Amino acid sequence: MTKWFITALVLLLIISNAFWLLLMIDTSVTKTYQQQSQFEFNQTLKSYRQLCHQLIAGQQKSQVLNLLTNIDKDAKPFEKEGFVHSDWLSIKIVDNKATHCSDSVERLDLSNNL
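Residue 48 in our numbering is what sits at position 63 of the sequence shown, and the numbering runs on without skipping anything.
These are calculated hints, taken from the structure and not from any lab test.
These numbers were taken from a predicted model, which means no experiment stands behind them.
Mixed in with the good hints, there may be bad ones.
[What the hints assert, rightly or not] Subject to a maximum C-alpha distance of 35 Å in a straight line, what follows is the list of computed DSBU-like cross-link-like pairs (lysine-lysine): (1) Lys61 x Lys82; (2) Lys65 x Lys46; (3) Lys46 x Lys31; (4) Lys31 x Lys(-12); (5) Lys77 x Lys61; (6) Lys77 x Lys58; (7) Lys46 x Lys61; (8) Lys65 x Lys77; (9) Lys31 x Lys77; (10) Lys58 x Lys46.
[As the list claims (entries may be wrong)] Derived Cβ-Cβ restraints for the label pairs, each shown as a range: (11) Gln28 x Leu(-6): 49 to 55 Å; (12) Lys31 x Glu64: 23 to 29 Å; (13) Thr17 x Asn55: 39 to 45 Å; (14) Asp80 x Gln35: 21 to 27 Å; (15) Asn55 x Ser22: 28 to 34 Å; (16) Lys65 x Leu36: 23 to 29 Å; (17) His85 x Lys58: 41 to 47 Å; (18) His85 x Thr12: 36 to 42 Å; (19) Ser32 x Leu(-6): 55 to 61 Å; (20) Leu40 x Ser1: 54 to 60 Å; (21) Thr(-8) x Leu30: 52 to 58 Å; (22) Ile(-9) x Glu25: 50 to 56 Å.
Note that CB positions come from ideal geometry on N, CA and C, so glycine has one too.
Put together the whole structure using the sequences plus the hints.
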């Protein structure tokens, strides 16, 4: 009876350690996948920001308002403090021309760095 009990405890210990090892491996793989996904998302966002800036820079304010309205029919662009704001984009206007395009994430990053 004692040998059977000790064998069962050792077997249970091995099984539980194997479970925790597999759990650690799964967690590591998941974290690596999430980091890669975040990296790819950040690179895509960076490319979109650059593209937005290239397309918007130099456009008249009326063209920018028209473009923002055409992109999202539900959005109501508005002007405030030298920017034309939409739900997800803000475009800096200087002398009635667009100079810079940013998104809500970028604005948060800029405000945190102040």
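Quick rundown of the hints versus the structure:
For the suggested pair Lys61 and Lys82, the alpha carbons sit about 19 Å apart, so the restraint of at most 35 Å is met. Note on Lys65 and Lys46: the hinted pairing holds, with a Cα-Cα distance of about 13 Å set against a maximum of 35 Å. For the given pair, Lys46 sits about 24 Å from Lys31 by alpha-carbon distance, which is consistent with the 35 Å threshold. In summary, the hint linking Lys31 to Lys(-12) is not supported, as the alpha carbons are separated by about 64 Å, beyond the 35 Å threshold.
Proposed proximity of Lys77 and Lys61 is supported: the alpha carbons are some 17 Å apart, at most 35 Å. Distance check on the hinted pair: Lys77 and Lys58 sit about 21 Å apart at the alpha-carbon level, within 35 Å; holds. Under the criterion of a C-alpha separation no larger than 35 Å, the hint pairing Lys46 with Lys61 is consistent with the structure, at around 15 Å. In summary, the hint linking Lys65 to Lys77 is supported, as the alpha carbons are separated by about 10 Å, within the 35 Å threshold.
The hinted pair formed by Lys31 and Lys77 meets the criterion: a straight-line CA distance of about 18 Å does not exceed 35 Å. Taking the CA atoms of Lys58 and Lys46, the gap is near 18 Å; set against the 35 Å cutoff, the hint holds. Look at Gln28 against Leu(-6): about 51 Å separates their beta carbons, and that is inside 49 to 55 Å. Between Lys31 and Glu64 the beta carbon distance is about 27 Å. The supplied range of 23 to 29 Å therefore holds.
For the pair Thr17 and Asn55, the beta carbons lie near 40 Å from each other, so the given range of 39 to 45 Å is met. At about 23 Å, the CB distance of Asp80 to Gln35 agrees with the hint of 21 to 27 Å. Our hint of 28 to 34 Å for Asn55 and Ser22 holds, since their Cβ atoms are close to 31 Å apart. Under the hint 23 to 29 Å, the C-beta atoms of Lys65 and Leu36, about 24 Å apart, fit the expected range.
In this structure, His85 and Lys58 break the distance hint of 41 to 47 Å, their C-beta atoms being roughly 25 Å apart. Restraint check, His85 to Thr12: a C-beta distance of roughly 41 Å satisfies the suggested window 36 to 42 Å. For the pair Ser32 and Leu(-6), the beta carbons lie near 57 Å from each other, so the given range of 55 to 61 Å is met. Distance hint check: the CB atoms of Leu40 and Ser1 are about 58 Å apart, consistent with the given range 54 to 60 Å.
Remark: the range hint 52 to 58 Å for Thr(-8) to Leu30 is upheld by a beta-carbon distance near 57 Å. Range check, Ile(-9) to Glu25: about 51 Å between beta-carbon atoms, so the 50 to 56 Å window is met.
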